[in-house]
Amino acid sequence: MARIVVVSKRIASAALAPLVREPFGDMVKFVVDLDRRIVALGGQLHSDAEAVLIDEGSRQDALWGGNYLPGLGPTECIQYTSLINIRPARGNRTMSVEDASIRERIRDLIFALVGEGEPIE
Amino acid sequence: MSQHAELSIDRWKQFGVDQQILMIANEMHRGLSAMRPERFPSLKLGYERVFSLVDLTVEAQSNRGLRRELLRWRDVIAELYLREDSDRATHALALRVLLQMTPEAAKQVTLLGL
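Keeping their order, the protein sequence lines are chains A and B.
So the first sequence is residues 10 to 130, counted in this note's numbering.
So the second sequence is residues 33 to 146, counted in this note's numbering.
Capping the alpha-carbon separation at 20 Å, the derived lysine to any residue pairs in SDA-like fashion look like this:
id, chain 1, residue 1, chain 2, residue 2
1, A, K18, A, L118
2, B, K76, A, N101
3, B, K45, B, M55
4, B, K45, B, L98
5, B, K76, A, P97
6, B, K45, A, D64
7, B, K76, A, S105
8, B, K76, A, A98
9, B, K76, A, R102
10, B, K45, A, D70
11, B, K45, B, S84
12, B, K139, B, E101
13, B, K76, B, D117
Distance ranges between label pairs, derived from CB positions:
id, chain 1, residue 1, chain 2, residue 2, range
14, A, R12, B, M67, 35 to 41 Å
15, A, R99, B, E136, 30 to 36 Å
16, A, R102, B, S94, 25 to 31 Å
17, B, G48, A, A24, 38 to 44 Å
18, A, E130, B, M67, 48 to 54 Å
19, A, R99, B, L144, 30 to 36 Å
20, A, R114, B, S94, 26 to 32 Å
21, B, R115, A, E85, 27 to 33 Å
22, B, K139, A, R46, 40 to 46 Å
23, A, E125, B, K45, 40 to 46 Å
24, A, L43, B, Q132, 31 to 37 Å
25, A, F33, B, V141, 34 to 40 Å
Keep in mind the hints are simulated off the structure, nothing from the lab.
Ideal Cβ positions, reconstructed from N, Cα and C, are used throughout, including at glycine.
Given the sequences, and given the hints that come with them, work out the whole structure.
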């Protein structure tokens, strides 16, 4: 199973690179916990990263999934899309994070802990 | 309003895991009768109820392996939910897989002809 790491501080570029390289080559899947301000990075399925965070005490309704693509700059490096985001009970009926304020919080957390779309060295 | 709108995590925890799985399966089984195009809105509402019950079960369960399998299974339901038509074969297979998550629920597979 692809490696999943949980970060609460900015991840070094050298640590991020292998997570991007495998398994997708140009992106890494992420699941954020907006309450605890931590991010699970890696894995083939967002649901696996979601499970890791729940194992570590996260509440499911604080979790949102997406993809981070280094090298695309701050406006295009984050895709707010994941099957785990489908939460009709919370009013989110698509894979995309529909609430702009939640997308903003996700962006701020990814920028702080992962990157702002700069290339990986 | 969903019939499960008032179902709390405390109430859900009073059920054993077998019962939790079987109640999710009940929603899925009901969905098998909503496969015709004119009933697709009902099918989607059923999937919404399934999401709610799965999420309650994930929250209630301390078994990490079961949680992981349920969350992966939830992805399959999410893909069914996003479709613009029904997929009876995948839905039935998902129901079978769900029932096989516990030995007690698995007894229903043969009884339901899955």
